[in-house]
Amino acid sequence: MVDQWSWLWSENMQKILHLLFGTLIQRWVEVQVDNLTCTQYWVQYLRLLQESIWPGGVLPGVPKPLRTEEQKAETKEQALKILMAILPDTLQEFLGVNKYQQSWSLVLESMQHSNINRHVIYSLMDILMEFLIPDSPMEAPQTTSIMTSTYGAAERASSSVC
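Just so you know, my numbering puts 59 at position 55 of the sequence shown, and the rest follows in order with no gaps.
If you are wondering where the hints come from, they were derived from the structure by calculation, not from laboratory data. It is possible that part of the hints are untrue.
[Said to hold, decoys possible] Using 27 Å as the maximum straight-line C-alpha spacing, the simulated DSS-like pairs for lysine-lysine come out as follows: (1) Lys80 x Lys68; (2) Lys85 x Lys103; (3) Lys76 x Lys103; (4) Lys103 x Lys68; (5) Lys19 x Lys103; (6) Lys85 x Lys68.
[To be verified] Here are the in silico distance ranges between beta carbons for each label pair: (7) Val124 x Arg71: 18 to 26 Å; (8) Leu110 x Phe135: 24 to 32 Å; (9) Phe135 x Pro69: 35 to 43 Å; (10) Ala89 x Gln44: 21 to 29 Å.
Note that the Cβ used here is the ideal one computed from N, Cα and C, for glycine as well.
Please work from the sequences and hints to get the whole structure.
Take a look at the structure:
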């Protein structure tokens, strides 16, 4: 009998939590995103990226040795622990510890595909370049030709109606 009504309890609990903490969580996420995207952090991210690619300002002559499966599993476990620590334990218990852990495991598993990761990196680099160089000369002819063809099509349509 308890199992039949557990969904009702969890649904009502989710509604109550959303009412109580929804705006608080939303505000926290907004502040975190603002902090992560501020200029100081971008400088830090770029320095970290530069140091990881060129340690000490010099491109390494010998590539790093490949990691073993044991090292990969250990790193994955550490990442899962770090992700699990994002929310306090009490909130994890409200959400369900198993579902919370499964969700983060799914996120980590989705990041194990090299082709998809490459595509995400290229897309982010494209967005970053578009942000850093907004007036690209490549975009001007495309926009003009699209506007010209659209304007021409609209002009032809209006002349054929009359």
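These are the hints, each one checked on the structure:
no., hint, verdict
1, Lys80 x Lys68, "holds, 19 Å"
2, Lys85 x Lys103, "holds, 14 Å"
3, Lys76 x Lys103, "holds, 23 Å"
4, Lys103 x Lys68, "violated, 36 Å"
5, Lys19 x Lys103, "holds, 17 Å"
6, Lys85 x Lys68, "holds, 26 Å"
7, Val124 x Arg71: 18 to 26 Å, "holds, 21 Å"
8, Leu110 x Phe135: 24 to 32 Å, "holds, 30 Å"
9, Phe135 x Pro69: 35 to 43 Å, "holds, 36 Å"
10, Ala89 x Gln44: 21 to 29 Å, "holds, 24 Å"
The structure does not agree with numbered hint 4 stated previously, though it agrees with all others.
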